[in-house]
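Asks: One-letter residues, chain by chain:
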Amino acid sequence: MDGNDEQSCIDRVLRGEVNAFGPLVERYQKPIFNLMCRVAGSPDSAADLTQDTFIRAYQKLERFHPGKRFFPWLYSIGLNLARDFARKNTRDLKTGSTLDPESISGCNYPGDQHDSMCASLEFVRLEKALDELPLIYREALILRYHDECSMRDIAEALSLSLSAAKMRVHRGLEMLRENYKGGIHGTQKRSI
Amino acid sequence: MERKKDPFEQLAQGPSAKFENTPCENNENQEILALKRLIHSMPEKEAPAGLTESILSSLEPKIIPRWLLIYRWALRPRTVTFQPLKLVPAAMVLVLGLAIAIQFGPGREDRGGTGHEELIPVTFTLSYQRAERVSVVGSFNQWNPASHKMHQLGNRNTWVLELRLPAGRHEYAFLVDGKVVVADQSSPFYQSDGFGNRNSVLFVNRDEPANI
Amino acid sequence: MNQQIFRYSFTLFLAAFLVASMVSFSYVQGQPADSSVTASVRAAREAGVPETSLNRLLMLAVDHRLEDDGVVRLVNFLQTVQTENLPIDPFMGKIEEGLAKQVPLNTIAAVLAQKLDDYRFVKSVLARTKTAKDQEISHQDLNRMVGSLDAGVSREELARFILEASTEDLSMLARATESMALLKQIRFDESLTEEILFTGLRRNSLTPSWDYLARVVATAKRRQISDDEIASAAREALEMNRSFADFMTDLGFTPRDLRHGPAVGRSGRRDQ
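Protein chains in written order, with the working numbering: chain A, 233 to 424; chain B, -15 to 196; chain C, 3 to 274.
Isolated chain A, as found in the complex (with noise of 0.2 angstroms):
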């Protein structure tokens, strides 16, 4: 589905019909499930925000700029309802590990079991690196890396100029190698 697709979509559901919204929900409930995965306190917190983000972005469809892109505006529409969560709720109500713990826990490390725990733990490892990440930062980063945006989308997303989400991005990674070595170093002397 292309940009065009998404404004003939957008076309529909303005003259009526809500189905058409249908296509925009399935290809962007991903990356807002996760975006609110990594501020909320449970799967279900976070599967309310995505709903409220979609239902937010049905509601001010009428205000979306014909020829813009779509998943800029509504990931900026995402954000904000995650920045409202995390003000209201504490971090410690923080959601686990992106990933599943059976692929981690029983493994008996035969070789090729031994490659996959160890690729699971990297990304626990920047996981938690990325945690400590200001909000902002942090999604700069996997708009940039993860959802391989444009300068300019993330932007838009970020509600930010050109430059400061340039700043972002290039400060996200500093931060964030700082954290990826301080949390090895850390595992490292409590396993001894």
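What the hints contain is simulated information worked out from the structure, not anything from laboratory work.
Just to be clear, a hint being listed does not mean it is correct.
Listed next, the in silico DMTMM-like pairs over lysine to aspartate or glutamate satisfying Cα-Cα at most 20 angstroms (straight line) [stated by the list, open to error]:
1) Lys29(B) with Asp234(A)
2) Lys29(B) with Glu359(A)
3) Lys320(A) with Glu116(B)
4) Lys320(A) with Asp161(B)
To spell it out: a stretch of chain B is covered by chain A in this simulated footprint if at least three of its residues, at any positions, have a beta carbon under 8 angstroms from a beta carbon of chain A; those stretches are [as the list claims (entries may be wrong)]:
5) 141 to 155
6) 167 to 178
Quick caveat, the model's predicted, so the values are computed rather than measured.
Don't be surprised by glycine CBs; every beta carbon is placed ideally from N, CA and C.
Starting from the known structure of chain A, fit chains B and C onto it as the hints suggest.
Replies: Okay, now just chains B and C, sitting in the frame of chain A:
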């Protein structure tokens, strides 16, 4: 003494690092590159089943005024295709017409603000009991309550917002729960809003004469 | 040869016509019917109301679910403002403010009408001065003068001040009227206010840094410095064309005072 393990060494050797041989200037760059690739291959959670249906079932069909549909239709960019070689003479006619239109067309008012102004930090604070949400609305954010929402401190009756404003005079008020207009009691200057409320007035200056 | 030239020229003309037709027809297909809002927006645009202002207004209409006739009313009002060569932004700001504060549209319209009347009043007073006859006042300066009416200055006070001030600099005059209003709010002696401001206007020394006069005076009063002492320091600085920083130093403000950034709203308190 055990050598401290470089976490990035492990990354570089692990299965997540399917690297092409890119020359890097130093270790720091390698570490950053490794992190970028790790973020890229980070697994995602699947959204719960039935989420789409749940969302759609809670929506009502939109009823949009016709004038807005027209306005949006007019805003949408269009793509026109043509063969330049065949249409060069006609294109010259169009260019000439556009040049005339630009020359004699209506002007645009400068809305002010170069976008290059230095911004000065300002902190807004309000004590208010039993508020659900508080925003600062003012001349610097087109009176938009969604633009600058305040957040609560540990003492839940205190609301704070830090932002950066250009130098000059700014009119503002606190908007509590979307409907109660509260002036800043600590500001000695005010402006009647004409609706029966008073807005507060703030002077922001980066230069030495007025940073008090 | 002539036939070839004619055929070539005709081809050129036909090509131009076809291009123009294609571009216009591609937009005619499916073009919706007109509406009263569209007509009023078009008229306002033709009158010179900036596109950005019209876009802002239409977005507000969507956000606040305004009825068509309400939108038309506001658009027509902006057209009136534009036609009288008045600044659009203060009126747009007042519309935004009113909608944000959930003020009924009729009330917003009444406030806008009052504001328009204030602008007409100030312009009529200026027209009676020699200075305004020779130069056009900028929108920014006009906004400041009209703003003093919302800051507690009466029309009579403002008119008297403008007519008695001896200056050819409308920006300085605007600065002076704003300062007059602000000093009145903090209950600074009104006769001393006039002495300070008229000195600055007469000596042409009321430069942009004196925009912060009222703020400094408010702080000086909190430090128990008397109005007479403040006025004396200000008059001297303006009479001798010294800097605003010198005026502050004369009042005893230290470099730390001069550097510290502002923080607002600390003591605001409301019990529900």
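Asks: Against the structure, test the hints numbered earlier, and report the numbers of the ones violated in rising order.
Replies: 1, 5, 6
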